[in-house]
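Trainee: Sequence order for the protein chains is A and B. For the first sequence, the numbering used here begins at 1 and goes up steadily by one. For the second sequence, the numbering used here begins at 1 and goes up steadily by one.
Read the hints as simulated data drawn from the structure, not as lab findings. Predicted model, so just to flag it, every value in this text is computed and none were measured. You may find that some hints are simply not true.
If we take Cβ atoms under 8 Å as the criterion, some of the chain B residues that face chain A in the derived model are [stated by the list, open to error]:
{"no.": "1", "residue": "Ala43"}
{"no.": "2", "residue": "Ala45"}
{"no.": "3", "residue": "Met46"}
{"no.": "4", "residue": "Ala48"}
{"no.": "5", "residue": "Glu51"}
{"no.": "6", "residue": "Cys58"}
{"no.": "7", "residue": "Gln66"}
{"no.": "8", "residue": "Pro70"}
{"no.": "9", "residue": "Ile76"}
{"no.": "10", "residue": "Arg78"}
{"no.": "11", "residue": "His79"}
{"no.": "12", "residue": "Arg83"}
{"no.": "13", "residue": "Ala84"}
For the chain A half of the interface with chain B, some residues (derived, Cβ under 7 Å), not all of them [claimed, not checked]:
{"no.": "14", "residue": "Arg171"}
{"no.": "15", "residue": "Leu176"}
{"no.": "16", "residue": "Asn177"}
{"no.": "17", "residue": "Gln241"}
{"no.": "18", "residue": "Ala244"}
Ideal Cβ positions, reconstructed from N, Cα and C, are used throughout, including at glycine.
Here are the chains, one letter per residue:
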Amino acid sequence: MGRIVRRSDCKLERACVWAGCVIVFGLFSAVLNAQMPVSAPETERPVPILTGNAGFFTNVNGGETELVPSITPVLLVPLGDRWLIESRAAFTGEFERTDGGGAYGGKVEQEIDYLQLDYIANRYLTVTAGRFLTPFGVYNERLYPIWIRSLQPTPLIFPLGTGSSDGVMMRGGLSLNPKVNLNYATYFSTLSTLKKFESDRKAGGRVGFFLPGPRIEVGASFQKELQEERANAFGFHFAWQPAAIPLNLRSEYARSHDGSGYWIEAAYRLSQVPFWQKAMRRTEIVGRGQQLFAGEIDEDEAEEYGLPDVNTKQGDLGLNYYIRDGLRASASYSRRFNSDGNVNLWTVGLAYRFAFPLGRVGPQ
Amino acid sequence: MNPRVAILTAALALVSSAYAADPPRKGEDASISTPLARSSTDADAMRARGEQRFHANCGRCHAAPQKFPPRMMATIVRHMRVRATITDEDMRLVLFYMTQ
């Protein structure tokens, strides 16, 4: 009986895959026939760019000082009207004093976060192939760069469901009506053990609804691991930026085999403070509360994924000062509570965002 | 591949293909360029809408950057269209606001 069920499941699976292939093929044919690209004027034609960020931070974790210089170059190469090659690498140093004092030493970690080819098929669909950031929640894709994130320590739940994937992805955004925008991403990732291109076999997607009036976004993510435990993961995200005050509220929840938890963050720009206007409008204060419930993983796995292996609560406070465009000084204090012992985490440093054209750009 | 994943993928492709059959709206083309403003009043109105869309979309994650030359902005906006799943209309208006 079980065998019959498995065979019928197999037939259904194959039928679904074929149906999907036929529809996707039909979609591309329709798009290619319906919309022939019209070139932009020469003065607006996109040019390749080298952008990214560099930073230097000093972290004190439970009394141990760590120096963390980093550089994250992003290469953007547009091809024609519809194609884009984009890649981001990360070089991060982690230097600590050796036991008993002495000079700082350590290693520089090198990662390829993404190396992807995007094809803008139409107003509603972009097809991506290659290595891409896994669209689970919004922190990984939108808030991770050090010049963007409001607090330098990443949320405790950040490793859940995120990282990079090798495969194909379809994504896009569309206006459902003047009050609601929909954005979506769906992907399939293959197993890869290639050095610097490691990824798991999994599939998933994310959908979000953005209300431009009140500037609220809510969304959900789902992921199915297609290897080992074949575990499911899901999450929700929320963001609100009220127009009346310079406040940014964000929150995420994630649940997976490796753990679950949430974070809530508020960042407030002091531009409405009536004194020291010049300095205050460049200053931002940030607060975050978060909690992680440890999952079914052992200590070694937890360390590999960058997750605490016991239930943990953490409160974070931060201060950002925007010195000039792309240059920001940041400091933060966090207090972590768990059964391994409560610790203080301090961070202070600078983050800089750069952007250079790799071709002639003409007059500004 | 899990049948549910295949069905989800196919459903998304179907929805997208239905929209693809919808021709570009009047005054738009399929390429990524700034929309045409026919008068200075049009341009002012589009700039205002572009600024609004900029704060609604881009300002949610990061502070406003300086204005780059149009050819750089065209690349940056294409990158952000993919990264932040910005709608086509918002992307055009933001590009207009950042370059005009």
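Trainee: Each of the hints needs a verdict: does it hold here or not?
Mentor: Structure-based check of all given hints:
1. Checking alanine 43 of chain B against chain A: minimum C-beta separation of about 15 Å lies over 8 Å; hint violated.
2. Using the Cβ-Cβ criterion of 8 Å, the hint placing alanine 45 of chain B at the interface with chain A is not satisfied: the shortest such distance is roughly 16 Å.
3. The beta carbon of methionine 46 of chain B is not positioned within 8 Å of any beta carbon in chain A (closest approach about 15 Å), and the interface hint is therefore violated.
4. With a cut of 8 Å, the hint placing alanine 48 of chain B at the interface with chain A is violated, because the nearest CB-to-CB distance is about 14 Å.
5. Taken as an interface hint, glutamate 51 of chain B does not check out: its beta carbon lies about 12 Å from the nearest beta carbon of chain A, beyond 8 Å.
6. Hint on cysteine 58 of chain B is violated. Least Cβ distance to chain A is approximately 10 Å, over the 8 Å limit.
7. Interface hint at glutamine 66 of chain B: satisfied, since its Cβ lies 4 Å from the closest Cβ of chain A, which is below the 8 Å cut-off.
8. For proline 70 of chain B, the interface hint holds, the least distance from its beta-carbon to any beta-carbon of chain A being 5 Å, beneath 8 Å.
9. For the restraint placing isoleucine 76 of chain B at the interface with chain A, the shortest Cβ-Cβ distance is roughly 7 Å, inside the 8 Å limit, so the hint holds.
10. Against a cut-off of 8 Å between C-beta atoms, the interface hint on arginine 78 of chain B holds, since the closest Cβ of chain A lies about 5 Å away.
11. The criterion of a C-beta within 8 Å of any C-beta in chain A is met by histidine 79 of chain B, whose closest approach is roughly 5 Å, and the hint holds.
12. Among the interface hints, the one on arginine 83 of chain B holds; its C-beta lies about 6 Å from the nearest C-beta in chain A, closer than the 8 Å criterion.
13. For alanine 84 of chain B, the interface hint holds, since its Cβ comes within 8 Å of a Cβ in chain A; the closest pair sits about 6 Å apart.
14. Taking 7 Å as the C-beta cut-off, the interface hint given for arginine 171 of chain A holds, the closest approach to chain B being about 6 Å.
15. For leucine 176 of chain A, the shortest C-beta to C-beta distance to chain B is roughly 10 Å, which exceeds 7 Å, and the interface hint is violated.
16. Annotation: interface hint on asparagine 177 of chain A violated; nearest CB of chain B at approximately 12 Å, more than 7 Å.
17. Among the interface hints, the one on glutamine 241 of chain A holds; its C-beta lies about 5 Å from the nearest C-beta in chain B, closer than the 7 Å criterion.
18. About 12 Å separates the beta-carbon of alanine 244 of chain A from the nearest beta-carbon of chain B, more than 7 Å, and the hint is not met.
Going through the hint list in order, the structure does not satisfy hints 1, 2, 3, 4, 5, 6, 15, 16, 18.
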